[in-house]
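Asks: Going down the list, the sequences are from chains A, B, C, D, E and F. Numbering-wise (UniProt numbering), the first sequence opens with residue 1 and increments by one. Numbering-wise (UniProt numbering), the second sequence opens with residue 1 and increments by one. Numbering-wise (UniProt numbering), the third sequence opens with residue 1 and increments by one. Numbering-wise (UniProt numbering), the fourth sequence opens with residue 1 and increments by one. Numbering-wise (UniProt numbering), the fifth sequence opens with residue 1 and increments by one. Numbering-wise (UniProt numbering), the sixth sequence opens with residue 1 and increments by one.
Worth flagging that the hints you see were computed from the coordinates, not collected in a lab. Source: prediction; values computed, not measured. One thing to keep in mind: the hints can contain errors.
Okay, the calculated beta carbon distance ranges per label pair [stated by the list, open to error]:
#, chain 1, residue 1, chain 2, residue 2, range
1, B, 186, A, 322, 54 to 64 angstroms
2, A, 104, B, 244, 36 to 46 angstroms
3, B, 186, A, 123, 43 to 53 angstroms
4, C, 82, E, 216, 34 to 44 angstroms
Which chain B residues face chain F? A few, computed with CB under 7 angstroms, are given here [to be verified]:
#, residue
5, 7
6, 15
7, 101
8, 102
9, 164
10, 166
11, 324
In this text, a Cβ means the ideal position worked out from N, Cα and C, and glycines have one as well.
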Amino acid sequence: MRDTHVTMAHGGGGRAMKELIEAVFTSVFQPESSEDQARLMAAALQEPGARLAFTTDSFVVTPLEFPGGDIGKLAVCGTVNDLAVGGARPLWLSAAFIIEEGCEIALLRRIAATMAAEAQSAGVRIVTGDTKVVERGKGDGVFVTTSGIGVIPPGCDIGAAHIQPGDAVIVNGVLGDHGATILAARGDLALSTDIQSDCASLGALMQAALAAAPLHAARDCTRGGLASALNELATEAGVAVEIDEALLPLRPEVVGVCEILGLDPLYLANEGRLVLFCPGASAPAILEAMRSLPEGEGAVVIGQVKPGPAGQVSMRTRFGGARRVDMLVGEQLPRIC
Amino acid sequence: MRDTHVTMAHGGGGRAMKELIEAVFTSVFQPESSEDQARLMAAALQEPGARLAFTTDSFVVTPLEFPGGDIGKLAVCGTVNDLAVGGARPLWLSAAFIIEEGCEIALLRRIAATMAAEAQSAGVRIVTGDTKVVERGKGDGVFVTTSGIGVIPPGCDIGAAHIQPGDAVIVNGVLGDHGATILAARGDLALSTDIQSDCASLGALMQAALAAAPLHAARDCTRGGLASALNELATEAGVAVEIDEALLPLRPEVVGVCEILGLDPLYLANEGRLVLFCPGASAPAILEAMRSLPEGEGAVVIGQVKPGPAGQVSMRTRFGGARRVDMLVGEQLPRIC
Amino acid sequence: MCLGIPGRIIAWVDKASLMAMAEVSGVRRAVNVACVAGEDPIGKWALIHVGFAMALIDEDEAARTLEALRDLGEAQEAVEQMRAADLALEAAP
Amino acid sequence: MCLGIPGRIIAWVDKASLMAMAEVSGVRRAVNVACVAGEDPIGKWALIHVGFAMALIDEDEAARTLEALRDLGEAQEAVEQMRAADLALEAAP
Amino acid sequence: MKFASEFRDPALARALLSAIADKADALGASRAKPLHIMEICGGHTHSIFRYGLDKLVHEGIEFIHGPGCPVCVLPMARVDECVEIAERPGVIFTTFGDAMRVPGHRKSLMQAKAGGADVRMVYSPLDALELARRNPEREVVFFGLGFETTTPSTALSVQQAAREGLRNFSVFCNHITVPEPIKALLDDPDMVLDGFIGPGHVSMVIGVHPYDFIARDYGKPIVVAGFEPTDLLQSILMILTQVAEGRAAVENQYGRVVPEHGNPVSLAAIDDVYEKRPSFEWRGLGEIDASGLRIRPKYRAFDAEEKFGIGYARTRAPVPEIAGCECGKVMVGKLKPTQCPQFGKGCSPEMPLGALMVSSEGACAAYWQYGSRVAAE
Amino acid sequence: MKFASEFRDPALARALLSAIADKADALGASRAKPLHIMEICGGHTHSIFRYGLDKLVHEGIEFIHGPGCPVCVLPMARVDECVEIAERPGVIFTTFGDAMRVPGHRKSLMQAKAGGADVRMVYSPLDALELARRNPEREVVFFGLGFETTTPSTALSVQQAAREGLRNFSVFCNHITVPEPIKALLDDPDMVLDGFIGPGHVSMVIGVHPYDFIARDYGKPIVVAGFEPTDLLQSILMILTQVAEGRAAVENQYGRVVPEHGNPVSLAAIDDVYEKRPSFEWRGLGEIDASGLRIRPKYRAFDAEEKFGIGYARTRAPVPEIAGCECGKVMVGKLKPTQCPQFGKGCSPEMPLGALMVSSEGACAAYWQYGSRVAAE
Ligand code: SF4
Ligand code: SF4
Ligand SMILES: [Mg+2]
Ligand SMILES: [Mg+2]
Ligand SMILES: [Mg+2]
Ligand SMILES: [Mg+2]
Ligand SMILES: [Mg+2]
Ligand SMILES: [Mg+2]
Ligand SMILES: [Mg+2]
Ligand SMILES: [Mg+2]
Ligand SMILES: [Mg+2]
Ligand SMILES: [Mg+2]
């Protein structure tokens with residue numbers, strides 16, 4: 001294409017749009033037909049008792065590119081992970097782009113390339129998509145919405161409802177890297193660090209864990225951080241969760257960002273982290289299986305499930321105190337007092 | 001909720017977000033679980049030879065509410081239609097919302113209600129979703145992205161590749177109502193009309209047509225209008241399409257808007273219109289089937305397929321001239337000269 | 001150049017600023033009628049361009065043009081019939 | 001109130017405007033060092049608040065505090081051992 | 001649509017086409033030796049292609065597409081200036097949609113908008129005025145573009161702004177006039193034209209007499225025409241009739257809209273607000289004396305050239321057009337669009353090189369859009 | 001993290017807790033008859049709950065959460081004024097994140113932002129200055145909020161703005177001081193306090209002597225403390241020791257940061273930029289003499305009160321607080337958060353009624369967030 005930046009013409013439904021889609025997206029995603037719907041078959045889906053898993057997320061992030069990833073990587077990983085944590089094997093993704101007028105086409109190309117690469121390494125195909133262009137000041141560079149389809153094999157049934165008192169609570173690595181990276185990358189707080197986003201696809205990790213030993217539930221810790229994921233799960237399962245401050249894996253730089261801004265790392269976003277609940281007896285095998293993969297290298301037990309009070313998450317502090325770990329209220333704001 | 005407008009807190013991943021999602025979305029869509037993935041089974045999908053259809057679209061429209069619909073109705077109809085025109089029976093939708101800070105919560109409720117009602121009448125379920133909040137000036141009220149899953153029954157195979165010279169070209173009603181309605185509703189051109197968007201779900205209509213007689217292909221005419229859909233199909237099928245100006249169904253008001261602004265109704269967007277290709281012999285039965293449903297009342301043959309030149313769409317004018325109907329170039333701009 | 005379109009001036013919007021409502025095929029927009037306000041334009045047809053009523057349409061003149069065209073149509077038909085007859089004659093052995 | 005955090009001043013950013021780079025656990029930010037510029041602050045630890053180095057940290061004093069706490073720890077351990085012994089004695093029949 | 005549909009009647013058109021064919025045959029016109037008729041106005045070009053008249057009409061009639069598309073004749077330097085104004089902080093730049101995609105040297109207005117300039121399409125200068133009222137802290141500039149049809153609306157808007165004492169409204173005036181370039185074409189010794197279709201909506205404002213010189217001084221027939229297909233066909237027939245009768249006169253086909261002496265209110269507004277520029281540059285035609293209008297000193301406060309120290313008067317060194325672009329020759333009828341080496345190659349509607357490919361009134365866009373493209377392929 | 005982690009050592013904390021328990025037992029303190037120790041500073045309140053010290057410490061020690069959270073003591077009328085300034089066209093209103101969610105009568109700053117006001121969170125007044133430099137056409141207002149710890153940073157920023165001659169930067173000064181409200185609390189005949197934990201970072205600026213009156217005039221022990229858990233425990237131990245010994249003195253636990261006489265550069269900047277207001281209104285405490293700072297006339301150009309004709313001096317009629325809100329009583333220790341009838345009902349962090357539920361330093365938010373909520377349910 002001769003154009004270097006997106007104009008409203010690229011959203012008009014005509015030739016300019018077609019050219020943009022072909023040059024930037026379909027040339028990279030290589031869908032099988034030009035029909036505006038993918039037509040798919042998978043043997044796994046037709047097995048008796050197999051269930052289809054379906055999920056969606058919109059991705060909005062500033063900046064669009066950051067250390068460790070870009071919005072495209074987030075969009076693939078996030079939806080793959082939402083499928084994976086339910087026990088589904090991710091198969092197919094859709095990708096819809098809302099592009100702000102003026103967006104650099106080279107940036108879109110980089111994002112599409114990241115998505116294609118991440119999809120390939122996660123073993124999923126981007127099979128259908130859409131682009132829209134909005135006027136300048138009515139978007140933010142680009143928003144990406146992915147939806148995902150996976151298959152839950154017969155017999156696999158995990159979820160919050162299965163969590164039991166006594167379950168071990170496991171995370172797959174250091175917490176808050178993504179959130180801290182974005183805060184720093186945004187630039188307005190003038191912080192600089194060497195941290196990278198933890199953004200990663202966790203499909204293989206979940207399959208490894210499922211294969212290793214019985215497990216009850218898993219959830220990716222994204223917006224709202226570990227604390228919000230634990231609160232959701234504790235509420236849905238009607239149990240209490242107690243984690244141990246001393247066991248929480250945290251990078252010093254993430255602690256640094258939190259100390260400077262008065263934030264709590266438990267609430268920082270992650271994009272390649274999950275929390276997993278399994279019977280205590282499963283924990284060693286699951287940990288071992290997780291640690292055999294790069295995205296599970298840092299897997300550790302961080303706490304356990306208690307019978308009640310239902311929905312309560314608490315943390316044993318380093319010197320034996322306990323504090324409530326409530327759900328994040330609104331958004332975490334940097335504070336000075 | 002006590003809040004009347006969305007703030008950044010509603011996107012933070014915490015309690016405010018949960019409250020917004022529950023008050024506005026899940027209370028209306030009533031998903032089966034609180035897991036962030038729907039887990040689905042459908043007998044039709046497990047039939048041997050059945051294929052899964054998967055599609056996605058983002059919806060961006062100003063104003064968000066307009067005569068005949070709102071962005072939520074568009075989002076349901078648009079994705080249902082993208083499934084339907086491929087011969088799929090629509091089953092499930094996902095819905096992802098990107099909400100601009102400051103958006104009125106009552107508006108979101110109205111949009112969700114429309115979506116639920118339209119989904120019900122279209123026979124699909126909204127089974128999973130997502131919300132994000134972006135800062136004011138980085139969105140436009142709300143963007144909705146829907147993805148859809150449908151099932152193409154064994155033996156059903158329609159698409160551009162099947163179009164043949166001699167095929168009749170059918171549309172299901174008057175053209176351009178949606179585009180003209182939006183142009184007028186936007187207000188900046190200070191036009192007022194009584195037209196309404198044609199926004200409608202076409203699942204039942206497609207099923208009726210498929211049941212009536214053999215057909216080759218269908219496509220919904222959305223952005224870029226009838227002209228762009230015909231050009232796409234002609235190119236994909238390697239045929240020429242000739243339509244007849246005298247046969248085109250157009251409302252006088254739509255012609256009026258076009259005359260005033262110097263636009264061509266062939267390029268105006270529709271949201272409840274499809275163009276259908278079938279053997280000439282099928283046309284009477286298909287027209288009859290379509291006309292038996294309200295969304296097909298205005299069904300008419302508008303032209304036919306010629307062997308070539310491949311990809312060319314032309315129109316016989318009212319007094320026997322012929323003109324090329326090219327694909328829209330950029331976007332249609334109002335003109336004075 | 002100069003897209004212009006016939007519309008009917010249906011009512012005053014603000015007489016002081018010479019703004020009136022014009023209607024084109026059921027589509028309404030307020031237009032400036034300064035150029036045609038010499039006689040009361042309400043109810044009349046005008047040629048609308050970029051939001052201004054630029055000229056009143058002379059209905060009699062329009063009818064005369066159409067009449068002339070219809071006459072031409074008849075005349076031309078006659079000519080063609082004659083020509084066809086000629087051809088038939090010529091073709092006759 | 002008044003979140004403050006120890007950071008090391010690692011280098012000047014702009015000496016004229018008294019801006020220097022501070023580092024907290026590997027995180028860097030330029031801070032104003034006007035309040036601690038009496039002696040050359042580079043290499044020193046300071047208490048950072050809202051982008052300003054508000055005070056240098058007295059390392060000796062910090063060590064003394066910790067020392068006192070450790071002494072207390074030992075003393076308290078002794079006390080507790082004595083108390084445990086007392087209890088054991090009392091519990092003895 | 002009343003006063004439109006009747007003039008699109010296929011039966012009437014058939015009769016006209018047949019009568020034209022008879023006349024053309026009688027005149028011995030053929031594809032090899034056609035009669036050259038220039039439709040001056042881009043609106044006529046648009047109608048010809050929209051209704052396929054070029055293919056329906058007798059093959060001995062060849063349309064030469066004239067310079068009457070204000071977008072097509074706008075030199076690139078004017079577009080550059082629009083972009084420069086639009087990119088100033090605080091400016092809301094308003095324009096008719098037509099001008100959005102015209103390429104400048106750096107960028108088009110659409111690209112400037114994508115780059116962050118606040119460019120808004122309006123349907124009417126009245127809408128620009130309203131924007132100025134609603135955004136008192138912003139400077140609203142209206143791009144005044146067009147021939148005599150459009151000049152009164154801009155003039156009336158400037159008068160209105162003056163009455164209201166608006167301080168944040170100005171017009172970047174690039175209005176031009178029709179008779180002067182026609183004279184320039186007629187003075188070109190290479191030009192062979194047998195008659196003109198005159199722009200009806202221009203005459204609605206200025207009447208028919210400004211074209212008297214065409215018949216009187218150059219001996220060419222000119223028929224002022226409406227824009228519906230039968231209007232055009234009737235006008236062609238009227239020209240052929242003049243040719244056949246050896247006459248050259250100014251005739252008015254479009255009597256329902258065009259008064260002999262034009263519209264007095266419009267003429268008075270034009271006279272009040274504008275004065276002639278000594279000369280103005282036309283794309284493809286070069287400098288033409290007295291062919292452009294500028295805002296009179298009494299309305300200086302509403303003149304964007306004055307406000308921004310920019311514009312034609314200040315940049316007389318002609319800025320070169322894009323190399324390889326043959327718009328100039330096409331516009332004067334010396335080349336057909338398909339004869340331009342760029343047509344369909346370097347230049348297409350999605351990536352226009354020349355203005356004739358941008359405006360839907362441009363001959364190249366019309367050729368492309370309405371099907372004469374194949375000729376080039 | 002050096003100078004922090006060491007002071008979070010569980011072993012040291014255990015020793016301190018044990019020593020405190022011994023001292024408290026020796027003093028006969030019990031849950032029924034506790035010793036009341038006020039941590040003046042919201043930062044201390046936050047640390048107490050974050051590390052669970054309230055549950056670890058001997059049950060005979062009861063913490064009274066003092067007024068040292070600048071967000072909590074800010075009257076609603078000030079928030080209303082912030083919103084009013086922020087909503088003016090052209091203004092960029094900058095604030096620490098803490099103030100974003102504090103309810104005003106109409107709305108919070110976060111809600112004003114959602115409504116279109118350009119409200120931006122900054123980490124430092126230096127970031128607000130930088131915004132002013134980069135947006136010369138906008139008025140950048142910084143919300144000066146905080147006690148003596150924060151006042152120097154604002155003062156130094158105003159001096160910097162003056163040096164640079166910035167014309168679009170101003171401070172909405174609502175800075176307040178610690179000693180005066182403490183005196184007010186001590187003058188309250190209902191108040192029974194056995195000692196104070198002094199705000200270490202305030203003393204980092206002003207030194208320890210401004211608290212002399214507490215020991216000297218009121219006979220209460222006060223220990224200026226750091227913010228790590230062992231700092232707090234050590235300070236409690238030091239207070240108990242004074243109580244046990246029948247002494248009342250100003251002691252400095254936080255010697256590594258707090259110089260006896262404070263920081264001379266900070267003090268000079270404060271003195272140069274601010275002057276005392278005759279009195280200032282505190283939420284829950286009412287008007288307190290000489291407890292607020294305003295910008296001196298010499299820096300009038302940087303004073304948002306002057307620029308916008310708004311602010312404390314102009315709106316002395318106290319604006320009523322929300323009915324049913326018991327923040328005032330909680331703030332002076334007369335009610336525990338859980339004793340407020342609104343706690344967890346009309347008032348929760350997602351929908352705070354009072355400021356104490358907003359700031360993470362507010363006693364109510366701390367009770368809610370860190371687990372004492374159940375008591376209310
Ligand atoms: S094809 Fe393009 S460059 Fe050539 S004359 Fe036409 S517009 Fe100009
Ligand atoms: S619960 Fe709410 S209203 Fe009651 S004192 Fe606390 S903050 Fe104030
Ligand atoms: Mg999801
Ligand atoms: Mg997700
Ligand atoms: Mg998830
Ligand atoms: Mg699409
Ligand atoms: Mg933006
Ligand atoms: Mg789609
Ligand atoms: Mg679609
Ligand atoms: Mg479609
Ligand atoms: Mg989600
Ligand atoms: Mg907006």
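Asks: A separate judgement is required for each hint: does it hold in the structure or not?
Replies: Evaluation of the provided hints:
no.: 1; hint: B/186 to A/322: 54 to 64 angstroms; result: holds (57 angstroms)
no.: 2; hint: A/104 to B/244: 36 to 46 angstroms; result: holds (44 angstroms)
no.: 3; hint: B/186 to A/123: 43 to 53 angstroms; result: holds (44 angstroms)
no.: 4; hint: C/82 to E/216: 34 to 44 angstroms; result: holds (38 angstroms)
no.: 5; hint: 7; result: holds (4 angstroms)
no.: 6; hint: 15; result: holds (5 angstroms)
no.: 7; hint: 101; result: holds (5 angstroms)
no.: 8; hint: 102; result: holds (4 angstroms)
no.: 9; hint: 164; result: violated (56 angstroms)
no.: 10; hint: 166; result: violated (59 angstroms)
no.: 11; hint: 324; result: violated (47 angstroms)
Consistency with the previously given hints fails for numbers 9, 10, 11, ordered from lowest to highest.
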